[in-house]
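Model the full assembly from the supplied sequences, consistent with the hints where possible.
So the protein sequences, as listed, match chains A and B.
Everything in the first sequence is counted per my numbering, starting at 1 for the first residue and increasing by one.
Everything in the second sequence is counted per my numbering, starting at 1 for the first residue and increasing by one.
Hints listed in this document are in silico derivations from the structure and should not be mistaken for laboratory results.
Note that the structure is predicted; figures quoted are calculated from it, not measured.
Think of the CB as a built atom: it goes at the ideal place given N, C-alpha and C, for glycine as much as any other residue.
Accuracy of the hints is not assured; some may be wrong.
Claimed, not checked - Computed beta-carbon distance windows for the label pairs:
| # | chain 1 | residue 1 | chain 2 | residue 2 | range |
| --- | --- | --- | --- | --- | --- |
| 1 | B | W207 | A | A376 | 55 to 61 Å |
| 2 | B | I185 | A | R27 | 54 to 60 Å |
| 3 | A | G117 | B | S150 | 38 to 44 Å |
| 4 | B | F208 | A | D291 | 57 to 63 Å |
| 5 | B | I147 | A | D291 | 38 to 44 Å |
| 6 | B | V138 | A | T133 | 48 to 54 Å |
| 7 | A | E151 | B | F204 | 55 to 61 Å |
| 8 | A | E76 | B | W40 | 55 to 61 Å |
| 9 | A | G406 | B | K238 | 30 to 36 Å |
What the hints assert, rightly or not - Away from chain B, derived, C-beta distances all over 12 Å, residues of chain A:
| # | residue |
| --- | --- |
| 10 | F99 |
| 11 | G123 |
| 12 | D146 |
| 13 | V154 |
| 14 | D188 |
| 15 | T262 |
| 16 | R272 |
| 17 | P279 |
| 18 | E313 |
| 19 | T323 |
| 20 | E343 |
| 21 | D385 |
| 22 | D408 |
| 23 | T482 |
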Amino acid sequence: MSTTTAPTPATPGTAPVSVRLRGIGKRFPGVIANDDINIDVRRGTIHAIVGENGAGKSTLMKILYGVQPPDSGTIEINGTEVTLSSPADAIRAGVGMVFQHFMLADNLTVLENVVLGAEKLHGIGGRARAEITRISEAYGLDIDPDRLVEELGVGARQRVEVLKVLYRGANVIILDEPTAVLVPQEVDELFGNLRELKEEGLSVIFISHKLDEVLTVADEITVIRRGTTVTTVTDTEGVTARKLAELMVGSQLPSPSTEASTVTDQVLLSVRNLSLPAPGGRPLLDDISFDIHRGEVLGIAGVEGNGQAELVEAVMGMRPGTTGTITLAGTDLGPLSNRARRESGIGYIPEDRHRHGLLLDAPLWENRVLGHQGRAPSSRHGLIDRRGARDDTLRIIEEYDVRTPGPDVLARALSGGNQQKLIVGREMSGDPVLLIAAHPTRGVDVGAQAAIWQHIKNARKEGLAVLLISADLDELIGLSDTIEVILRGRLVGTFDPGAVTPEQLGSAMTGAGESA
Amino acid sequence: MTRLVTLGLGILAAGLALVAAFAITSLVLIVAGDPAGEVWGEILSWPESRNLTNIINNATVLYLSALAVAIGFRMNLFNIGVDGQYRVAAFTAAVVAGEAWLPGYLNTALAILAAMAVGAVWAGIAGLLRASRGVSEVISTIMLNFIATSLVAYLLRKAAVDAEGSNAVNTKPVPEGSRIGGFSIGDGPGEVYGFVFIAAAAGFLFWFVLNRTRFGFDLRATGRSTTAAVANGINVNKMVLATMCLSGAVAGLVGLPILFGSQFSYGSTFQSGLGFAGIAIALLGRNHPVGIALGALLFAFLDEQSNPLQILVGVSPDIVAITQGVIVLTVVISYELIRRYAVRLEQQRVARALAPSAPTPPPTSGPSGEAEEVKA
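Right, dumping it as structure tokens:
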């Protein structure tokens with residue numbers, strides 16, 4: 001599927017390397033964001049970097065754009081090793097970045113936006129205007145320097161961002177999820193622009209998780225999983241979205257659930273016709289219906305951003321504007337607040353534990369209270385029961401093998417896996433009937449991963465209904481009793497995890513067609 | 001053990017900030033050609049009992065102001081409007097107490113409640129705007145300060161009574177039976193405000209509500225992470241409104257020690273600017289009731305001790321205002337430095353504690369770290 005229509009100035013694979021990353025590593029306390037990343041981006045190519053959210057793409061790009069220094073590894077740009085300690089360094093080295101969220105001042109003209117911060121290059125008057133016009137024509141960007149930015153559409157604004165980067169002399173351009181904000185026609189236009197850029201000998205680094213787009217435009221594709229480069233595809237001919245999806249999510253199987261089925265015929269969670277309209281676009285959730293029975297794990301498979309997060313938030317009561325009914329063990333959850341829903345028996349392992357699951361600067365026992373403020377053993381009569389909460393934290397530390405010196409340690413000081421085990425322990429207390437687990441093993445080490453899988457299996461055995469959302473297909477296949485595939489906010493297929501292969505799920509997830 | 005370390009680091013941070021602020025002030029003195037040694041000698045001498053009384057009284061007022069600010073800070077709300085809130089509240093209390101609808105201390109209690117209610121409403125406007133429309137409370141409380149100043153000046157004309165032989169504009173005086181008596185310390189003249197006990201009680205309540213109640217937990221959780229609060233069933237908008245109202249209610253108390261202890265009426269010369277000092281003291285006291293008490297005493301001490309500077313060493317007492325301003329900056333920097341150090345310390349401690357029993361697993365990249373062949 002390589003771009004045979006566009007005549008490439010140099011054959012990919014032989015052109016000189018403009019960006020060479022070797023052994024890039026970056027650690028945050030408790031998390032390894034990047035580990036031994038190796039990438040070669042060749043001049044005059046579009047190099048896509050794909051991976052699930054949280055795989056380490058954005059950390060890598062921040063390193064390449066000088067926002068964060070790497071802990072290890074080397075960066076070579078156009079043959080010279082460089083140290084990038086700020087975006088200014090990166091710009092000097094010829095690296096430019098177009099962020100997903102535009103950084104333009106609406107009430108200024110294109111010219112003013114472009115020269116802002118780069119006044120020294122070509123002044124702010126006629127010379128700058130001439131240069132902008134020259135760049136615009138050279139790369140077919142079709143930009144009038146004197147228009148106000150607020151009059152421009154999204155696609156044009158993005159081109160202004162690209163122009164800003166070119167104006168500053170970049171020959172390596174990073175685009176972070178550039179198509180997320182565009183409608184299909186604009187995507188085609190953008191791809192046309194990118195092809196012009198590469199024909200002029202620039203290197204484009206294109207970050208995305210939309211596989212079909214990547215295959216359309218990229219000359220080379222690097223897949224990142226769990227912070228490391230899995231592989232680089234140098235010849236996109238014959239590569240399918242399915243194959244890429246498989247590489248992205250991995251094929252390491254969790255110890256498959258050999259236990260006998262515990263599914264009963266008693267429905268605990270019933271979702272009917274759940275929809276979430278989005279203003280001026282296709283709905284985020286579109287007429288979703290499913291049941292989860294006592295003792296059943298329902299897995300939701302899907303490429304990130306197809307409505308999984310919205311589905312969870314709708315069930316948790318965090319999304320105003322949803323329509324349809326959600327019933328938990330006979331109780332209509334519709335009118336209940338988030339807290340009331342939790343107290344009626346939902347345990348919730350959120351997707352982003354740092355932003356939604358924990359108070360990082362609070363001790364563990366206060367994190368035990370979080371979300372359980374209204375219940376024993378966390379509180380009594382409106383007062384926080386410190387002793388009760390601490391004792392129960394000790395129980396969780398013991399039962400869930402949270403590696404910590406004690407309950408007074410700040411949550412921030414624990415590793416990701418131990419933070420997650422604490423969350424699982426907290427959510428399993430208070431006798432939930434439904435456990436919602438969103439990416440429960442994302443960013444945790446192997447040992448914690450196995451432990452968390454075991455806890456989910458135990459929950460199932462104890463008769464909970466479990467809603468499992470994961471980007472890791474093997475995790476889904478290993479744990480689920482039923483798998484539903486979500487695509488563009490709709491459930492598009494039901495699979496039996498005993499019979500399905502990751503390839504089949506992958507093709508359903510990308511809408512590639514047949515679900516054999 | 002860890003508690004001791006935390007406390008030690010807290011004291012270290014405050015000490016660092018004060019030393020830095022004193023050093024910068026000394027630099028200003030030296031550059032301006034003033035005798036830095038003599039100035040500090042004068043300021044840092046032990047106050048006489050008359051001064052001590054003034055210090056405690058001033059600190060009481062500053063304490064309440066800082067407490068009001070700290071309530072907001074604990075939820076990441078910046079209530080700059082304490083200044084306006086205490087003025088509308090003190091004015092209201094003066095009018096209510098002056099009218100004396102109820103006898104004796106009932107009148108006092110009613111006036112205090114009225115002041116708290118008005119303070120809460122005034123701050124609640126900013127809370128409501130923030131919760132319903134997302135208007136930054138920083139902007140709205142500053143605006144409300146201006147409105148408060150004008151509103152009180154306007155209403156004061158209506159409520160004022162003429163005092164013989166004076167052109168001061170004052171509300172009706174609080175009747176004798178409704179005043180809050182003080183007590184003497186040492187042998188000097190002047191009395192310590194009886195209100196100091198109410199302030200101490202407010203400090204205790206602050207600690208209790210924040211650290212022991214569900215409401216306080218929700219408040220602190222929201223302050224630490226709004227996203228986590230939302231995901232865990234806390235209605236953040238309701239918390240914003242409640243916190244602003246609470247902050248305003250405490251702000252309503254700020255002017256009352258003066259009203260019931262020394263001035264007995266609200267006039268055009270009523271002390272202003274207390275709200276801004278409160279912001280600095282809340283920062284210095286790390287939003288903790290005991291820390292704030294120490295901060296308030298320090299600020300009051302500096303104010304009092306700077307009074308004779310002009311006469312004794314010929315230096316303007318405004319130098320102390322410079323010190324107080326610089327403290328705000330050094331405090332922010334030193335607390336952040338110490339916080340980062342504390343986090344590192346904690347992480348090392350955890351790593352050490354876990355090392356013998358469970359060696360940290362080598363940094364693997366996941367179950368399938370090895371690069372795979374691509375059959376492309």
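Verification of the supplied hints:
1. B:W207 - A:A376: 55 to 61 Å: Given a distance of about 24 Å, which is not inside 55 to 61 Å, the answer is violated.
2. B:I185 - A:R27: 54 to 60 Å: 58 Å, holds
3. A:G117 - B:S150: 38 to 44 Å: 42 Å, holds
4. B:F208 - A:D291: 57 to 63 Å: 47 Å, violated
5. B:I147 - A:D291: 38 to 44 Å: 57 Å, violated
6. B:V138 - A:T133: 48 to 54 Å: Taking Cβ atoms as reference, V138 (chain B) and T133 (chain A) lie about 43 Å apart, which means the hint is violated.
7. A:E151 - B:F204: 55 to 61 Å: Because 59 Å falls inside the window, the suggested range holds.
8. A:E76 - B:W40: 55 to 61 Å: Holds, since E76 (chain A) and W40 (chain B) (Cβ atoms, about 57 Å apart) stay within the stated range.
9. A:G406 - B:K238: 30 to 36 Å: 34 Å, holds
10. F99: F99 (chain A) clear of chain B: closest Cβ-Cβ about 21 Å, beyond 12 Å.
11. G123: It holds; G123 (chain A) is separated from chain B by about 36 Å at its closest Cβ, greater than 12 Å.
12. D146: With a cut-off of 12 Å, D146 (chain A) remains clear of chain B, as the shortest Cβ separation is near 34 Å.
13. V154: Nearest chain B Cβ is 23 Å from V154 (chain A), so the label holds.
14. D188: Holds, since 25 Å exceeds 12 Å.
15. T262: 26 Å, holds
16. R272: 24 Å, holds
17. P279: Answer for P279 (chain A): holds, closest chain B Cβ roughly 17 Å.
18. E313: 9 Å, violated
19. T323: 21 Å, holds
20. E343: 8 Å, violated
21. D385: 9 Å, violated
22. D408: It is violated; D408 (chain A) is separated from chain B by about 6 Å at its closest Cβ, not greater than 12 Å.
23. T482: 24 Å, holds
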